[in-house]
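**Student:** Using the sequences plus the hints, can you model the full thing?
Residue numbers are given in this note's numbering: position 61 of the sequence shown equals residue 834, and the series is strictly consecutive.
Be aware that a few hints might be false.
[To be verified] Once the Cα atoms are required to be at most 25 angstroms apart in a straight line, the calculated SDA-like pairs of lysine to any residue come out as:
(1) K796 to V1096
(2) K829 to R812
(3) K859 to M916
[As the list claims (entries may be wrong)] Pairwise CB distance ranges (calculated):
(4) A950 to G1089: 40 to 50 angstroms
(5) Q798 to D866: 15 to 25 angstroms
(6) D933 to E981: 18 to 28 angstroms
(7) N1016 to D992: 36 to 46 angstroms
(8) D992 to M912: 48 to 58 angstroms
(9) R826 to M912: 18 to 28 angstroms
(10) D936 to Q839: 29 to 39 angstroms
(11) G799 to D936: 27 to 37 angstroms
(12) E981 to G1071: 16 to 26 angstroms
(13) E981 to A1068: 36 to 46 angstroms
By construction, these hints were calculated from the structure, which means they are not laboratory data.
Here a beta-carbon is modelled for each residue, glycine too, at the ideal position from N, C-alpha and C.
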Amino acid sequence: MLLFFASPIGLGHATRDIAIAEKLQGYDIFFVSGEGASRLIEKKGYTVVDAYRPEKFIVQDGQLQQSFRWLMSYYSYYKKCKEVAKGVLAEHDDNPIVSDEDFASIAVAEEARRKRVLITDIAETHFTKGAASLIEKKMNGAMKDMMKKCDCVIIPDDGDDYDNISYVGPIVRKATADRETLRKRLGFSRKTIVVSIGGTDAGRYLIERSLDAYRKLRDKLDADLVVVPGPSLQLPESPDYRNLGFIDNLHELIYAADLVVSLAGRSTMDESIAYGTPGIFIPIKGHFEQEQGAARLGYKHEDVFRLESLIEEKIGSRRNNTVNTGGAEKAAKIISTLSG
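**Tutor:** Written as structure tokens, this is what we have:
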């Protein structure tokens, strides 16, 4: 059995972990996560313990607020996660663990001398500035030390392997059909814009601004708007858009769409690239990981104020050829080798 600890902060960790799990043939997989991520994993038929309750980012008008307060709350959350992980490991003797940015389980597994694989996009965080950054720097040091001691660290990006670091390329879920079949299945008969904000309510501002832009462009574009607010945000029904709520196949909507507008979550960006769909990715201001990810594709937070022109430009752009990344297969092979 594999113990798979998936960070519940957003849905991106869960989606790529599902992609890997689907390639791990012959393994019983026991997930530990929380909230929307747990619901997503359970929908795919896996056993999951819904045990984690992450601290919420404080976001106002698309900007991260009180980052030091959030960092201290995260440390408290981290300690609670360690207790959960201790309980899970105690019930499953000698099983190796895979952790997707759940450093609490890595710390506990290190103490228990278990084999451990870490999946992560980042080597350190940069949420705070000034004196508060000294505390964050210390936490980053502890995180790097844990990474060095893992049996393997899988990075879902392109790069050259070194030491215990393995680059596997983007990890994305596989669509169940070709694009035209998906469009018919999903009822996409016209050009379609998909707006997604992931697993938290932090992207409410992006939905509101996307709606404003769409209403101004609707007659000119002759396009439909589909909104995926996820598990944490309730939207009123409206004739202006189709509200799909919380779904487990966002990657297929991205593939079928003509344009995706999203927060700059890594998994959504990777799925957009993999399936060749033009995308507009707006990071939360002050969220270093989203800002860095969006910058790779030429976006910044201030682009939220020119969504109208961006939507008009991107929905008319040519689709890229789909990319067969193979990241999930490579990650599964590494995990199988280490846990065999």
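**Student:** Please go over all the hints and tell whether each is borne out by the structure.
**Tutor:** Verification of the hints:
no.: 1; hint: K796 to V1096; in the structure: holds, 18 angstroms
no.: 2; hint: K829 to R812; in the structure: holds, 18 angstroms
no.: 3; hint: K859 to M916; in the structure: holds, 18 angstroms
no.: 4; hint: A950 to G1089: 40 to 50 angstroms; in the structure: violated, 25 angstroms
no.: 5; hint: Q798 to D866: 15 to 25 angstroms; in the structure: holds, 24 angstroms
no.: 6; hint: D933 to E981: 18 to 28 angstroms; in the structure: violated, 42 angstroms
no.: 7; hint: N1016 to D992: 36 to 46 angstroms; in the structure: violated, 21 angstroms
no.: 8; hint: D992 to M912: 48 to 58 angstroms; in the structure: holds, 51 angstroms
no.: 9; hint: R826 to M912: 18 to 28 angstroms; in the structure: holds, 20 angstroms
no.: 10; hint: D936 to Q839: 29 to 39 angstroms; in the structure: holds, 36 angstroms
no.: 11; hint: G799 to D936: 27 to 37 angstroms; in the structure: holds, 29 angstroms
no.: 12; hint: E981 to G1071: 16 to 26 angstroms; in the structure: holds, 23 angstroms
no.: 13; hint: E981 to A1068: 36 to 46 angstroms; in the structure: violated, 24 angstroms
When held up to the earlier numbered hints, the structure conflicts with 4, 6, 7 and 13 and fits the remainder.
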